[in-house]
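If you want the building blocks of each chain, they are given just below.
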Amino acid sequence: MLVSGTALLLACVAFAVYDLTTFRATMARSLSIQAQIVGANSVSALLFNDPESAQKTVSGLKAAPNILSAGIYTPAGQPLATYWRDRAGRVLPLPAVSAGQAETYWLTNKEIALVRSIVFQGKQIGAVYIRSDLNEMNGRLTRLAGLVFVVLSISLAAAFVISSVFQRVATRPILQLAEIARIVSREKTYSVRAPATGNRDEIAFLIQAFNEMLSHIEERDAALQSAQQGLEQRVVQRTAELEATNNELEAFTYSVAHDLRAPLRHIQGFSVALTEDCGSQLDATAQGHLQQIVDSTQYMGRLISDLLSLAHVGRQELHLQVTGLGSLVQEVLQDLKHETDGRNIHWRVGDLPFADCDPGLMKQVFYNLLSNAAKYTGPRNPAIIDVGYGSVEGQQVIFVRDNGVGFNMKYANKLFGVFQRLHRKEDFEGTGVGLATVQRIIHKHGGRIWAEAEIDKGATFSFTLETVQKDGLQELPVLVLEGTQ
Amino acid sequence: MKDDEMEILLVEDDPRDAALTLRALQAENVRNRIEVVRDGEEALDFLFCRGVYSGRSPNHLPKLVLLDLKLPKVDGLEVLKEIKASPECQTTPVVILTSSAEQRDVLESYKLGVNSYIQKPVDIEQFRQTIKTLGLYWLVVNRPPPDKTLADQRGTEAKVPGWGKCGNP
Numbered sequence: 001m002l003v004s005g006t007a008l009l010l011a012c013v014a015f016a017v018y019d020l021t022t023f024r025a026t027m028a029r030s031l032s033i034q035a036q037i038v039g040a041n042s043v044s045a046l047l048f049n050d051p052e053s054a055q056k057t058v059s060g061l062k063a064a065p066n067i068l069s070a071g072i073y074t075p076a077g078q079p080l081a082t083y084w085r086d087r088a089g090r091v092l093p094l095p096a097v098s099a100g101q102a103e104t105y106w107l108t109n110k111e112i113a114l115v116r117s118i119v120f121q122g123k124q125i126g127a128v129y130i131r132s133d134l135n136e137m138n139g140r141l142t143r144l145a146g147l148v149f150v151v152l153s154i155s156l157a158a159a160f161v162i163s164s165v166f167q168r169v170a171t172r173p174i175l176q177l178a179e180i181a182r183i184v185s186r187e188k189t190y191s192v193r194a195p196a197t198g199n200r201d202e203i204a205f206l207i208q209a210f211n212e213m214l215s216h217i218e219e220r221d222a223a224l225q226s227a228q229q230g231l232e233q234r235v236v237q238r239t240a241e242l243e244a245t246n247n248e249l250e251a252f253t254y255s256v257a258h259d260l261r262a263p264l265r266h267i268q269g270f271s272v273a274l275t276e277d278c279g280s281q282l283d284a285t286a287q288g289h290l291q292q293i294v295d296s297t298q299y300m301g302r303l304i305s306d307l308l309s310l311a312h313v314g315r316q317e318l319h320l321q322v323t324g325l326g327s328l329v330q331e332v333l334q335d336l337k338h339e340t341d342g343r344n345i346h347w348r349v350g351d352l353p354f355a356d357c358d359p360g361l362m363k364q365v366f367y368n369l370l371s372n373a374a375k376y377t378g379p380r381n382p383a384i385i386d387v388g389y390g391s392v393e394g395q396q397v398i399f400v401r402d403n404g405v406g407f408n409m410k411y412a413n414k415l416f417g418v419f420q421r422l423h424r425k426e427d428f429e430g431t432g433v434g435l436a437t438v439q440r441i442i443h444k445h446g447g448r449i450w451a452e453a454e455i456d457k458g459a460t461f462s463f464t465l466e467t468v469q470k471d472g473l474q475e476l477p478v479l480v481l482e483g484t485q
Numbered sequence: 001m002k003d004d005e006m007e008i009l010l011v012e013d014d015p016r017d018a019a020l021t022l023r024a025l026q027a028e029n030v031r032n033r034i035e036v037v038r039d040g041e042e043a044l045d046f047l048f049c050r051g052v053y054s055g056r057s058p059n060h061l062p063k064l065v066l067l068d069l070k071l072p073k074v075d076g077l078e079v080l081k082e083i084k085a086s087p088e089c090q091t092t093p094v095v096i097l098t099s100s101a102e103q104r105d106v107l108e109s110y111k112l113g114v115n116s117y118i119q120k121p122v123d124i125e126q127f128r129q130t131i132k133t134l135g136l137y138w139l140v141v142n143r144p145p146p147d148k149t150l151a152d153q154r155g156t157e158a159k160v161p162g163w164g165k166c167g168n169p
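First to last, the protein sequences are chains U and W.
Residues 1 to 485 (my numbering) make up the first sequence, in order.
Residues 1 to 169 (my numbering) make up the second sequence, in order.
Honestly, I wouldn't trust all of these hints.
As the list claims (entries may be wrong) - Now the in silico label distances, taken between C-beta atoms and shown as ranges: (1) W:Y110 x U:A244: 29 to 35 Å; (2) U:G279 x W:I118: 26 to 32 Å; (3) U:N413 x W:L107: 40 to 46 Å.
Said to hold, decoys possible - Anything over 12 Å on all C-beta distances counts as not near chain W; from chain U, calculated: (4) D50; (5) W84; (6) L177; (7) D221; (8) H289; (9) P359; (10) L361; (11) L422.
Note that these hints are calculated values from the structure, not bench results.
Just so you know, even glycine gets a beta-carbon here, dropped at the ideal spot from N, CA and C.
Let's have the full structure, built from the sequences with the hints guiding it.
Structural data, given as structure tokens:
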């Protein structure tokens, strides 16, 4: 509406300006003709210096009501005769006109004035000066303005009528469509539909397409929801199954704890009783067999304990707290004192960080790793075991390095498996559960553990902990000497 | 075995465990008088002089009850609960001697007022040591609650309700 109004207004103004310019030129021409007539008629009067005749000629301009004044001047600029429409008798000096110009005119706010030379036989014998008011032009301007106003009003009224009709036909349905689209996107209700217009135009097609799209989305949404519900049900079901399995597993663990240990103790107990009560009747072979039984039951006891501890780690929830890993290592070294009694081991413990971890489980990690290191450095004198914290290939790791017997990297993937052992039992005792337990604890903390080794050169176990506090190492003496020979 | 000589009541369903326990207890040359019962019901019958033990004098309570948890008929926790709930026997020291190290068992036992909780060590040497130590501690080192007969004679405990009506709690 505004745009069309503005365009129309501009067109009208342009038309008016053109019309007024043309009209002004026309006025100037008509004034020029009048000046020519007056000039021609006053040639003789000028030649013979006949003011009366000149006056008569000039007064003839009365017939033109727009002429304000007119005058015939001698070449010297003296008025020969003058005519005034309203104020007779006044003399108007001839304005200066540049030489050599036959005619010149100018325009002011109120009037248009024209000076024209009167020439006779190639010689200028005088000049005519005519002023005309602009009433006619102003009248025309007023009429034009009126016309513009009327045209504008009619046009705008027509535009309004047309646009309201158009709005009913096109804009309103589109606005409704937009509103529905907004509702859909805001409230996620896909059941609403845009009302049909009843017409068979493009907008009707648009609405139909929009509604079809909504139907499709609604179907998809319903399908998605039902799938989600199905999924949730399955999750609930699986969780229940998992819980049941977990409970069974717990029951199994409990049963292992209680029922399997008792017969083991009996075998041991009665083996000892046999030795004590009937030892004198047994020969060396029988005693040797008896010792094998005792050893095996002891080993089986350790297996059961380690397995239970592994199962316990799996079930246990982490109780995280910020812990100085250095302190844990010191505690473990105290615990290991008994085991490493009589051995020459150089424990070199570097600065270790603080970590948000389960202190009990993390202590078990260090216990298993350090006792392993102590075990596999058995043939070394001195054994050197480093515990440290540092950057390896861009990540911060905690490591335990020893100069022990090492292992073949070919079997590195078996290292952390349950019951997997890389050494013969008679060389190094163990159940093959310790490193599996370590790995399970590290994984529970979101970390990673791996080992590098070389036969007879030693092994390095490195692990990452996601919760290591980057700043602030726990400061400990770098070198701790433990154990003497 | 005469009642007044009885010092330990061993509640153990497994005869081999019972035999090993007895062997360990008697190894110390201390000829402890030990009564062995095989399930929870029998233990309660013995303590409260019911059933086959109805002829037993209620005046002589054991100085120590060694109680397994996993027992036929009435389980160890149930036995413990009844002992600690009865005015006659609540002062008798009860030691749980079991294979279970389950936290819920430990916690429940202490909640019910057990005097000690001992997990049977798997290793037989440790087992023997543990049994010897606990026998020595509870029968020699520990001062038991006053004997009921003596208490009756002094008359100090006469006001306790239900006292002297052992077997009909």
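Cross-check of the supplied hints:
| no. | hint | in the structure |
| --- | --- | --- |
| 1 | W:Y110 x U:A244: 29 to 35 Å | 30 Å, holds |
| 2 | U:G279 x W:I118: 26 to 32 Å | 29 Å, holds |
| 3 | U:N413 x W:L107: 40 to 46 Å | 41 Å, holds |
| 4 | D50 | 146 Å, holds |
| 5 | W84 | 130 Å, holds |
| 6 | L177 | 66 Å, holds |
| 7 | D221 | 48 Å, holds |
| 8 | H289 | 17 Å, holds |
| 9 | P359 | 18 Å, holds |
| 10 | L361 | 16 Å, holds |
| 11 | L422 | 26 Å, holds |
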